[in-house]
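Undergrad: If you want the building blocks of each chain, they are given just below.
Protein chains: 2
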Amino acid sequence: MNTVQQPSLSTDKPLDIYPHDGFITRQMRNRQTGHKSGVVWLTGLSGAGKSTLSSLAEQYLFGKGHLAMVLDGDTLRSGLNSDLDFSKQSRRENLRRAGEVASLFAHTGHIVLATFVSPFQEGRRYVRDIVRDNFYLVHIAADLDDCIQRDPKGLYKKALSGGIENFTGVGQGYEPPEDADLVINTSQADIADCVKQLIDFVSDRFSIE
Amino acid sequence: MNTVQQPSLSTDKPLDIYPHDGFITRQMRNRQTGHKSGVVWLTGLSGAGKSTLSSLAEQYLFGKGHLAMVLDGDTLRSGLNSDLDFSKQSRRENLRRAGEVASLFAHTGHIVLATFVSPFQEGRRYVRDIVRDNFYLVHIAADLDDCIQRDPKGLYKKALSGGIENFTGVGQGYEPPEDADLVINTSQADIADCVKQLIDFVSDRFSIE
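Just so you know, the sequences run in chain order L and R. Plus 2 on top of the position in the first sequence (first one is 1) and you've got the numbering used here. Plus 2 on top of the position in the second sequence (first one is 1) and you've got the numbering used here.
Bound conformation, chain L alone (with noise of 0.2 Å):
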């Protein structure tokens, strides 16, 4: 059992913090399922295919009888961070929250597969400091036209009317990934070829068989 002695932000008191070791391992949780386990980043602009990709990967994954989820920014946000809005300090606790539970199931066996926009070089570095073990950045690239004539859930053309502040792409800028450990480009490949160079990276990083 480790002792971690925290201050309590309230009086500055340390705080009794058992945290559970439990038997099961993820270790072990490895070899029952036979993968590694981790979390693929997937960052890019609303519409370049995060959400499209990580489904269909989900699908193969879980067809072979693996471990693999998706963790979906909104779907975080309509629950766990339902209490967060877009402000700057908010976006940091959505991601702080996000890298803290990708790290959750990644101790519990899974290969997280995990969409948000993270449009900026030290979010995505904040949340790979959190994880830190089997992070791996996957850049979903496309021309921002082509995000913007697929606009898949209505916001480009929101945003583009001012019906969105800071809106990705549009009042806000993107930072492609420079440390990118795959880059997969929508506008210059087709869905198939995508999710092939997804499965590959995933199979090989966490080696499957």
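If you're looking for bench data, these hints aren't it; they were derived computationally from the structure. Model, not experiment: these values are computed from the prediction. Treat the hints with caution; some may be incorrect.
Since the list gives no way to pick one copy over another, a pair counts as held whenever it fits inside one copy or between any two copies.
[Said to hold, decoys possible] Dumping the calculated SDA-like pairs for lysine to any residue here, alpha-carbon to alpha-carbon at most 25 Å:
| no. | residue 1 | residue 2 |
| --- | --- | --- |
| 1 | Lys38 | Lys66 |
| 2 | Lys160 | Val185 |
| 3 | Lys66 | Arg28 |
| 4 | Lys155 | Pro179 |
| 5 | Lys155 | Asn187 |
| 6 | Lys90 | Ser57 |
| 7 | Lys66 | Glu211 |
| 8 | Lys66 | Ile210 |
| 9 | Lys155 | Gly24 |
| 10 | Lys38 | Ser80 |
| 11 | Lys66 | Asp145 |
| 12 | Lys198 | Gln61 |
| 13 | Lys38 | Asp192 |
| 14 | Lys155 | Glu95 |
| 15 | Lys38 | Leu184 |
| 16 | Lys38 | Phe88 |
| 17 | Lys159 | Asp23 |
Following the hints, put chain R in place on chain L, whose structure we already have.
TA: Coordinates of chain R only, in the frame set by chain L:
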């Protein structure tokens, strides 16, 4: 794709949140594992045996190849909830996030064994309302004197000497649940018997053969 229009906390403008449905449903995951998923919420005093019993049950279920995991209050407080203190508001937020995370794991096919002192009826009802489907409340009961004698984390000693304010059982009361789905009394039965009670309950409720 569902659209959830939520008020922005900072601007009161609607946010555009599109939770991601994906292809792999909870039902599909349940079919693959061969058992239902959901949350077993273990409440009780520190030292009552929540961690011991949940770890042994996890070990048993894992050994049978089932998807089970312990969600431990202290573990969560050292990661996702490390920004929260023990004020009334923070305790409520601690429970809210625990409920949301437990739900994510339940939706991903897990039997979640959640161990939280959760001393108040109101807080436990709050979590039940968040999880909704397949939520079971298990009271791990024990005489306070036994808990003080066991004192696995040395917290009663510290609390009794004035080192921890509002420690449950010392400076603050514990409301035994009136709506428990199961009560396991670790002062009246030995560990093996108590574990069997928990495993039998879980096997029945989650349709484990």
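Undergrad: Now, for every hint given, state plainly whether the structure supports it.
TA: Right, here's what the structure says about each hint:
no., hint, in the structure
1, Lys38 - Lys66, "both (15 Å within a copy, 20 Å between copies)"
2, Lys160 - Val185, "neither (28 Å within a copy, 53 Å between copies)"
3, Lys66 - Arg28, "both (20 Å within a copy, 17 Å between copies)"
4, Lys155 - Pro179, "within (24 Å within a copy, 44 Å between copies)"
5, Lys155 - Asn187, "within (20 Å within a copy, 52 Å between copies)"
6, Lys90 - Ser57, "neither (28 Å within a copy, 39 Å between copies)"
7, Lys66 - Glu211, "both (10 Å within a copy, 23 Å between copies)"
8, Lys66 - Ile210, "both (10 Å within a copy, 22 Å between copies)"
9, Lys155 - Gly24, "between (43 Å within a copy, 15 Å between copies)"
10, Lys38 - Ser80, "between (29 Å within a copy, 24 Å between copies)"
11, Lys66 - Asp145, "neither (33 Å within a copy, 48 Å between copies)"
12, Lys198 - Gln61, "within (12 Å within a copy, 36 Å between copies)"
13, Lys38 - Asp192, "neither (28 Å within a copy, 37 Å between copies)"
14, Lys155 - Glu95, "within (24 Å within a copy, 31 Å between copies)"
15, Lys38 - Leu184, "within (18 Å within a copy, 36 Å between copies)"
16, Lys38 - Phe88, "neither (34 Å within a copy, 36 Å between copies)"
17, Lys159 - Asp23, "between (49 Å within a copy, 23 Å between copies)"
Hint compliance for this structure: hints 2, 6, 11, 13 and 16 are not met, and every other hint is.
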